[in-house]
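Number of protein chains: 2
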Amino acid sequence: MIRELPSLVIPGVTIDVLKASCATCSMHQLCLPMGLDDKDMERLDQIIGRRRKVARGANLFRIGDTFQNLYAIRLGHFKTCQVSQDGVEQITGFQMAGELLGMDAISTDLHHCTAVALEDSEVCEIPFSTLQQLLGDMPTLLRHFHRMMSQEITREQSVMLLLGNMQATQRFAAFLVNLSSRYEARGYSPNTFQLRMSREEIGNYLGLTIESISRLLSRFKKEALLRVSNREIEMLDPPRLKAVAAGSQTCN
Amino acid sequence: MIRELPSLVIPGVTIDVLKASCATCSMHQLCLPMGLDDKDMERLDQIIGRRRKVARGANLFRIGDTFQNLYAIRLGHFKTCQVSQDGVEQITGFQMAGELLGMDAISTDLHHCTAVALEDSEVCEIPFSTLQQLLGDMPTLLRHFHRMMSQEITREQSVMLLLGNMQATQRFAAFLVNLSSRYEARGYSPNTFQLRMSREEIGNYLGLTIESISRLLSRFKKEALLRVSNREIEMLDPPRLKAVAAGSQTCN
DNA sequence: CGGGTGTTTGACTTCAGTCAAGTTGTGTGG
DNA sequence: CCACACAACTTGACTGAAGTCAAACACCCG
Chain A
0 MIRELPSLVI PGVTIDVLKA SCATCSMHQL CLPMGLDDKD MERLDQIIGR RRKVARGANL
60 FRIGDTFQNL YAIRLGHFKT CQVSQDGVEQ ITGFQMAGEL LGMDAISTDL HHCTAVALED
120 SEVCEIPFST LQQLLGDMPT LLRHFHRMMS QEITREQSVM LLLGNMQATQ RFAAFLVNLS
180 SRYEARGYSP NTFQLRMSRE EIGNYLGLTI ESISRLLSRF KKEALLRVSN REIEMLDPPR
240 LKAVAAGSQT CN
Chain B
0 MIRELPSLVI PGVTIDVLKA SCATCSMHQL CLPMGLDDKD MERLDQIIGR RRKVARGANL
60 FRIGDTFQNL YAIRLGHFKT CQVSQDGVEQ ITGFQMAGEL LGMDAISTDL HHCTAVALED
120 SEVCEIPFST LQQLLGDMPT LLRHFHRMMS QEITREQSVM LLLGNMQATQ RFAAFLVNLS
180 SRYEARGYSP NTFQLRMSRE EIGNYLGLTI ESISRLLSRF KKEALLRVSN REIEMLDPPR
240 LKAVAAGSQT CN
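Chains as they are written, first to last, in numbering that gives the first Met the number 0: chain A, 0 to 251; chain B, 0 to 251.
Calculated directly from the structure, the hints in this document are not laboratory data. Incorrect hints may have been included.
Result set (SDA-like, lysine to any residue): computed pairs, CA atoms no more than 25 Å apart in a straight line [said to hold, decoys possible]:
id	chain 1	residue 1	chain 2	residue 2
1	A	241	B	85
2	A	38	B	132
3	A	241	B	180
4	B	78	B	177
5	B	241	A	62
6	B	78	A	166
7	A	78	B	106
8	B	241	B	180
9	A	241	B	63
10	B	78	A	245
11	B	38	A	138
12	B	52	B	147
13	A	38	A	78
14	A	38	B	63
15	B	241	A	245
16	B	38	B	146
17	B	241	A	106
18	A	78	B	157
19	B	241	A	84
20	B	38	A	136
21	B	241	A	86
22	B	220	B	250
23	B	241	A	85
24	B	241	A	109
25	A	241	B	84
26	B	38	A	137
27	A	78	B	241
28	A	78	B	250
29	A	52	A	67
30	A	241	B	80
So the derived list for chain B, only partly shown, Cβ under 8 Å to chain A, looks like this [as the list claims (entries may be wrong)]:
id	residue
31	44
32	48
33	103
34	138
35	139
36	143
37	146
38	159
39	249
Quick reminder that beta carbons are idealized off the backbone N, C-alpha and C, glycines included.
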């Protein structure tokens with residue numbers, strides 16, 4: 000039931016003709032349909048477009064693409080990155096299932112960042128103009144959509160805090176604690192998880208170099224804060240890690 | 000016509016009982032009513048609450064306050080700041096006339112930052128629950144509101160870029176270029192303006208120290224990029240300053 | 001099994017921070 | 001209007017956290 004639609008071939012992006020359904024999606028308590036009753040959820044389902052598979056490394060959209068759809072992540076992980084005028088890339092976020100991609104494009108109808116799948120992933124395509132019509136007569140959906148946009152603003156403000164006045168150690172601890180709580184919210188173990196991004200990507204996101212990330216991992220390992228094996232992370236002492244993230248524990 | 004309402008005394012915040020009017024406000028082409036026809040603008044006007052004067056240094060709202068209103072700046076300048084767990088303050092933005100304050104509070108109904116007036120200022124109070132009803136049947140307003148939220152997301156992403164991988168020189172040049180373009184959009188001179196914030200506040204925003212800002216100002220002065228007199232800035236060579244901001248000019 | 005990418009570790013460098021002293025500006029009360 | 005006090009800013013000397021460069025090592029995949 001999966002085929003490449005010849006009219007819309009994007010490398011690594013295939014289109015699943017099975018319609019997505021919010022009601023049966025495990026993410027519906029975190030995603031756009033949160034709090035909707037069955038009738039409203041049905042209406043939302045009807046406007047949601049194709050389900051797309053995005054292969055690891057493939058772009059879902061790129062800076063400068065015209066904006067048509069928001070994307071809800073069903074499965075997998077993405078990174079979003081900006082490029083400065085001198086061509087340097089900055090990762091602005093890592094997104095996981097239940098999160099929405101593309102909200103920064105609403106302002107100008109052009110995407111301001113590129114979204115790349117960190118592993119084979121699946122998204123629901125949400126045509127924005129149709130969504131907007133629906134928002135007009137579904138106050139619950141409108142409210143939740145605003146919450147999601149606002150949440151994105153809040154998230155970015157906390158990254159500004161992190162980049163603006165935290166030390167490397169604190170940044171990295173905060174990063175791990177943040178991932179942990181997001182996995183927990185999705186029903187996964189908060190203490191053991193797989194990093195979906197490379198050391199280089201973590202460093203880029205945190206405003207640090209790959210070497211610094213590597214050294215920090217080694218230090219946290221030595222301090223018995225973490226067990227690390229490649230991209231597998233186990234938090235051995237979450238309270239202390241949180242204290243390091245909060246800046247109340249120096250961690251020599 | 001200006002009096003302190005005894006029921007709502009906030010230090011430095013007085014309430015002007017004259018109703019605000021979007022139609023006569025010089026900011027209506029940048030602010031929420033952008034693009035509305037006369038009839039719709041009238042409807043928006045009717046839901047807009049009091050006009051408030053906020054004295055220099057006074058808080059419009061604080062972290063943790065319950066969210067009731069968005070605020071549109073009619074006049075003056077604000078800063079918004081976050082506080083990290085260890086009590087360090089991070090300025091997340093400087094806002095000027097025509098910009099909206101409080102959008103980060105929608106997600107949890109609590110303000111996530113504190114807004115402080117940098118000079119005597121005036122804002123329009125926009126009760127959010129009333130606004131939301133209006134958004135339901137004014138698609139043009141809905142669209143523009145989404146654009147403004149999205150713009151805030153984009154703005155923050157570009158600050159992340161700045162904090163994440165620009166050098167001090169580049170950060171500061173980018174900051175000045177950004178201010179310049181915002182003054183230009185408001186019909187003021189893009190090349191001569193008054194800084195409304197202290198060196199310390201600039202440093203905090205840019206993730207640098209007050210000493211670094213001072214040294215950068217001196218260097219830009221010596222390089223004939225700026226004329227500086229206290230908080231008065233004159234850009235002597237905007238193209239070169241833009242080149243420094245873009246990272247294409249090193250500026251020894 | 002070999003090649004390439006991704007990661008770790010060490011030695012050295014540098015940019016921006018810290019500390020300290022001095023200067024200029026501002027606002028208040030005599 | 002001046003004098004004083006305090007805040008804001010500037011400048012210099014020194015320090016240190018994180019970056020750069022380089023080499024070695026580990027893991028993955030054909």
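Practice task
Tell me, in ascending order, the numbers of any earlier hints that this structure violates.
Solution key: The structure conflicts with hints 3, 13, 14, 15, 27, 28, 31, 32, 35, 36, 39, although it agrees with all the remaining ones.
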